[in-house]
Structures are given as C-alpha cells and as structure tokens.
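Engineer: Taken in order, these protein sequences are the chains called A and B. Quick note: the first sequence uses this note's numbering, first residue 1, plus one each step. Quick note: the second sequence uses this note's numbering, first residue 1, plus one each step.
Calculated directly from the structure, the hints in this document are not laboratory data. Heads up, a few of these hints could be off.
Pairs count within a copy or across copies, as identical chains cannot be separated in the list.
What the hints assert, rightly or not - Pairs of lysine-lysine, DSSO-like flavour, derived with a Cα cap of 30 Å:
(1) Lys413 / Lys116
(2) Lys413 / Lys283
(3) Lys283 / Lys273
(4) Lys273 / Lys116
(5) Lys283 / Lys116
Here's the letter readout for the chains.
Protein chains: 2
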Amino acid sequence: MTETAEIESEVRTLLEQGDLDAAIEFLNNRHPAEVGGVIDELDGETAYALFDQLDRRTQARILPYMQPSHQLSMVQHLGRHAQARLLTDMNADERADLYQELPEDVQEALMPALAKAEREDLLRLTSYPEGTVGSVMTSEYATVPAHISARQAIERLRLQALNKETIYVAYVLDTERHLLGIVTLSGLVVASPGESVEDLMQTEVVNVHTDAPSAEAARLIADYDLLAVPVVDDEDRMVGIVTHDDAMDVQEAEATEDIHKGASVGDLPGSLKETALTTLYQKRIMWLVLLVFANVFSGASISLYEDTIQAHVGLVFFLPLLIASAGNAGSQSATLMVRAIATGDVISGDWFRMLLREIGLGLMLGLTMAAAVAAIGLYRGGAELAHVVSLTMVIVVLSGSLIGMSLPFVLNKLNMDPATASAPVVSFIADVAGILVYFGLASALLSIPAQ
Amino acid sequence: MTETAEIESEVRTLLEQGDLDAAIEFLNNRHPAEVGGVIDELDGETAYALFDQLDRRTQARILPYMQPSHQLSMVQHLGRHAQARLLTDMNADERADLYQELPEDVQEALMPALAKAEREDLLRLTSYPEGTVGSVMTSEYATVPAHISARQAIERLRLQALNKETIYVAYVLDTERHLLGIVTLSGLVVASPGESVEDLMQTEVVNVHTDAPSAEAARLIADYDLLAVPVVDDEDRMVGIVTHDDAMDVQEAEATEDIHKGASVGDLPGSLKETALTTLYQKRIMWLVLLVFANVFSGASISLYEDTIQAHVGLVFFLPLLIASAGNAGSQSATLMVRAIATGDVISGDWFRMLLREIGLGLMLGLTMAAAVAAIGLYRGGAELAHVVSLTMVIVVLSGSLIGMSLPFVLNKLNMDPATASAPVVSFIADVAGILVYFGLASALLSIPAQ
C-alpha cells in the first residue's frame, strides 16, 4: 500500500513538472498492480492521458488491476478498433469480466471488430452464471500431446508461453478433449530429455465442473496446494482452468460475503467505497425491517408480564443485560459453526458430537456469567432477585448456545446458506426466550407484592 | 471432500480383506492431501500400520496434510532416528511447524540426530513469533547467479528442484544476500538460451520483512498475483520466501480469525472440532463477562426512568425492538467497515467521506424502519406512542450506524485490531443510547398520567 502511495507521489511530481514522458518511463518499470493502483487515484483526464500513452500490452495488463468504474471509463475513451485491440491483448478471463461490464451498445459494436476465435471464446466465457467456476475460469491453458518427449514438450510450452495464463502446468488431452493427465514444467525440466510425456504425467488429477460454485475451485486449489485446477463440462471435456491467483480472489470474496451475511448484509457487487448508496440501502434494509417485525414477538412476550413488571419494576434493570448475554453467547456459537461449515472443518455428520460439546460449554459459560450477574443482583435487590437472575442466566446462555450451534446445521440441511443472518436471527430467538424465561421465573419465584 | 470419502471407503474395504499391500499400492497413487485425509479418518492403530508401510518421501509429504494431533501421534510411534529422517525429508517450513508441536523432551532428543544444516535451519525458522512472516516462510528457495546464461540457469534450477519449494521463481543475490532481481522459469524457457540472467531479471521486486504480520505477505501475493514473495531481514538480506499455497492458508486463517473476533471469540489455535473445551471456554468467556458488566449501564439507564415505566408500562413492549434495531444497524455498519479495512478497500483517509455517506444511509434506513415501527405503535397505543417510537427509531438507527462506522476507524487509529468485538461493543453502546433516547423522549412527550 505505502509502496503504491510513493509511486503515486513520484508520478504526480513528474506530471506537475509537465514531464509526461518521464512519468510513463517511470511507470513502465513497475508492476501492473502498482500502475493500475496509481492511475486509479488520478483524476479522470490525467488518468486517461497517462493510460493512452502506455503501450498496448501494458494497457492490457494494468486494466484488470483498476477499479471496475475506471476500467470502463478508460475503455470508453478509446475508439472501437483500439478497444478491440485492447480486448484481444487481455487475458481471456479478464477480457470476459471487462466485456460484461460494458454497456450493451458498446458490446454490440465491439463484437464484429474482434477475430472469430476471440469472439467465440468471449461468448462462451460470458455464458456462465456469476458465482460459478465457469465465470472465473480462463480458456488459456497449455496443452501437450502424450507421445512426445520431455524436451519436445518444453519446446511446445515455450511457444505457448505468451498466450497462456501459465505454462507451469500442461494438460494432456485425448482427441475428445478428455483429460488424460498433467505434467508440470518443473517435472519436465527435471526429467531426462528423452522421457515421454506419457510416462511422466500424473494421471490422478482433481478437476471441477463449470457449474460448481467458484468457491469449490478455490477450496481444491487450497487443499491440494495446486497452481491451477482443470475445469470440465457435462461431457467431461476440459474447457478451462482456474489459476491460484484467481482462487485467492475468490477465497477473499467468499470470506467477505460470509462476513457480510453474518451481519445480515446482502451480497455487495464490489468495493464498499464504490458501491452506490441506494445499493447499500437495498442490501441492508431487508433484514433490518424483517427483524423489526420479528421483534414484535419480544414485545408481545413482555406484555404477557406487564403485571409482574408493574409489581417489580426493578426487574427491568436486568432485562437488557440478560437478553444481550443470551444473544452474545448464541452469536458466538453460530459464528463459530457457520465458519467451520464454510471451511469444511465441520460436516453434517458432526452435529451430535458438537451438540454434546456445546451442552458442556454452554453450562460452563452460563455458570460463570450467572456468578457475575448474581453478584449484581445481590447488590441491587437481595437474595431472591439474585436467585432469579442467575437461574435465568444459566438457562438463556445454555439455550442461546445450543440454538446458535444448531441453526447453521439446520439451514445447511435445508440447502440454505448457513451464513445468512445466523447471528441476528439467533439474537432475536435469544431475546424472546430470554424474556419468557426471565419474567416467567420472576412471577413464579418472587414474593407477591413488591411495593 | 466426496473424493476423499470414496478413497477412504476403498481403503477400508481393502483393509477389511486384510490386503494391506493393496491398500498401500492404492494410496501411493493418490495426492498427498487425499492420503493424509484418509489416514486422519482411520483409528489409531490402523492409521499407524498404514503410515508405517509408506515410503519415507511419501510419509514426509502426507504428514503436513494431517490434523496436528494425528501428525504428533504418527511421529511419536517412530524411533528417534526414523523421526530425524522423516523431519529431514520434509519441507523446511512444514518441518519447523511440526517440530514446534513436539513435546520438549522429544525436541531435545531429536536435535542431535539432525544434520547441522537442518538443525540451524530449524532453529532459525522456529525463532520467529507466531503470526509473523518469519513463522510461515520457508528457507528453501531457488537462487541463480546474475552472470550465467538462461540455459545455464535452467540447468542450475534443475539441480535444485528436489530440495526447493518451487523453481518457478529464482532469486538473484549479491554476496551479502541482498536481492538484485528475480527470474521466472517461464521467462528462462522463453528467452534465447544465451541471454544472461542479468539482462532477463526483473529488478523492481516487492518484498516483505520477517517481522511483518503474515497477512501482509498474503496480501502482496494476492494483489500482485505472485507465486511467492521474498522475505528479508533487518539488514535487507534475503532469508526466505512465502509461497502462494501458504498465502492461501494464511488468508483463510485471517478471515476465520476476523470472523471469530467479530463475534467476540478469541483466536482459536486450529480446527473448531479439535479445540479442547477448556480452550474454547477461555476464548469465549472474557468478552461475555465484560459485556455482562458493561450492560449494568443499560440497567442503570433504565432505572433512571422507573417512574416513567411505572406510569406507562406499555412502553416496555417496544424496548427490545428499539435496542435490537439500533444494534442490528450498528453491527451492519461496523462489520462492513471492519472488513473493508481488513481487505484494504478503505483506508484511514476515507473516514470523512464514509461518514458523510453513512449519515445519508443511516437516515434512509432509520426512516424506513421508523415507518414500520410507527404502524405497530399506532396499532398498540395511538398517535402519541407512534410518534415517540418512530422518532426514537430514526435517532437510534442513525446514531447506531454512525458509531458502528466510526468505531473501527478509531480502533485502527489507536493501533488496535478493528475486528475485535466491534459488533458486540457497538450493540452495547446502541443498547444504552437506545434506552436513554427512548425513555427520555417518552418522559418529555407523553401526556403525564397514563393509568
């Protein structure tokens, strides 16, 4: 980050001195991620003036590192043929992502300007629904025939290097494009030059289907420590790869989505900074209003006990404390479980064992918190009140924890996303349960007239 | 996952038939991640019987894919010399991780059995505190001299391949081990064989310090799409690399930690399933008890208004609803901001712009939720009550959102981790604020005696 800020200030100084050439020379030596980041920070006209002077290959490489809105404005400055050249120079997956962001009229104008191969590739890659493996894969993977030698295979990869996302893994396909095996460049370099690809290749290869969630490709890459995972279609034909760098982006986006869902925020299209206020409003309001109506039950539970409250108004002192405690313990359990399910640490079959553990844990937590609240209860209202609040605490913390632990399993079983609003829903259930248990116990246990 | 389950059942069948050799033969053809996963699921004695029959290289490769507790029990079955051989065969970073898990007496017994180079490497790698780049890096990276040709460099990498984590990136160092540049194997293969490394190497190379948080290495690898990032010490000498696969593990662990912290759960040592109950208790109880005592303020705020409550006991109906709404809106804002800061999407300088946006957004959310609660208020208590609850709603949702948005910035400025318990703390502040605003408005606006 600081690195990019330094580069940015250097570029700004050069531009203020009017030395555009020096600025471009300076940027040409930097990593595309840095150049993209710097251009992102400049204002529109300056940004475009710089971008326009970079050579075509560089433009194609830095564009994917820029904010989507800036990518669009750079591209829309260009004439149609320059646009087509730029798209042609980009990596297949990044080209498809950019193309999908373009307005429909620009898309239509562009298509005829592209070569047939690129056109077909683009149509295919953009046909997969968002969130699937197909939508993040690239079609530019290296292949080698089975019958050639290691030396020949290296020579083939050498020729493919410029147009493929990686040549570190090469795929061996039959005439139907079924995957026979893979060889790595490292394996080819280490092998004796005359050894055949067929003898060198690994034949047990994990793969992933185009329609699988993109998170599955990321998980395979993480679990197997892969550079790339091959993608196959319905007929088991190889159609692309997902690379390790795209897998990291997917993994990060998945974590962000789960974190947002945990706080009942819907899936944001991209950066928080770049998201329009109206979109943010839409993503936040639904659960908030739903929870307002759900909380009518909390109110209704309270009104069952209006007489008890009027007789012992001091009870209300402990109400927020008890329901917040149940909610906090329940949210902890729900959050732990949602994440453990998401990372594959815990599976459905583990439910019973986890439930037993949670009973022990909920009791330990509840008893500790009961001791704390008993002390406050003693101080404020004597032994009877202390008894009621501590008993309530044990019950609501234990039940909050058990509900928090079980709800993600239930949602998962129902094929719903356990991440969605688990913590706020658990808090709401804990609220209602807490009110009923607290005032129920108080009416039963407290001596009748307090005032 | 299902793949591993299939392999497991195949292995179990072979074992039940008493055909250990066939089971081993079958496993030898699978990916180490799968073999590790299968052995993890078998019971102790069977697991060890299988593990013992695998060849040394395979043992060294599958061990890192097993649960830490199983790794330990496999290793402790072995004699001291077999242990030393196994450690020698492992990758440097995985060896260091395993070594740190061993009981102290085993560590001490092992050290003299290791060769001097491994011993020193092990001592150095285990000397970095957990959570730093030093603790996740490996010392096994490939190097090439600057003055040789591309052809010679490939030959050098070929000889290093077996002992290095990757030969796809090679580092060019001076005699003081300062990093002069990097070449990739792909670059070397594409270059004309006579070209010199010096002319081919990239000289602008990002690096990371041993003491930096490991998340920083993961972030650089993600942002720059790297295969590995070089690690330097205080004197700027290269001491290791962090590879893309380890970066994915770091990124996932960081996300898990942030998710847990968001629900006020401390940093877990590993898998939820494997963590001892007492550890889980420790990681959960601190914030729960702190929040119990914090919530005494909520109680105290309520007792300020006991007269108002006794006069209008119906007010309590809306209490859980209003404080839950403020807490939910505040948690949303806090969660969005914590994650945006963690991913680098939002930086400190963005605070004012984000605050302005949040005012608009908080108002929009508050007004919508006020409309919902006004309807309920009208139905339950008439225009006056509707007025009080809807006004309270706008104020508490707006202030909840603003506090939720600002707290992570403040924690970040104070060099504290914004992820820590932001959402529960915001909910607690929202509780107190909600109570004061609600009953304050009610005392001021409601006609004096209700009953």
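Engineer: The structure should be examined with respect to each hint, and the outcome stated for every one.
Structural biologist: So, going through the hints one by one against the coordinates:
Neither within a single protomer nor between protomers do Lys413 and Lys116 lie at most 30 Å apart by alpha-carbon distance, with minima of 46 Å and 54 Å respectively. When the C-alpha separation of Lys413 and Lys283 is checked against a cutoff of 30 Å, the pair qualifies both within a copy, at 25 Å, and between copies, at 28 Å. Within a single copy, Lys283 and Lys273 get their C-alpha atoms as close as 14 Å, which meets the 30 Å cut-off; across copies the closest is 33 Å, which misses it. Taking CA atoms no more than 30 Å apart as the test, Lys273 paired with Lys116 passes in neither setting, with 38 Å inside one copy and 53 Å between copies.
Taking identical chains as interchangeable, the C-alpha atoms of Lys283 and Lys116 are never at most 30 Å apart, the minima being 40 Å within one chain and 59 Å between chains.
Hints 1, 4 and 5 from the list above are not met by this structure, while the remaining hints are.
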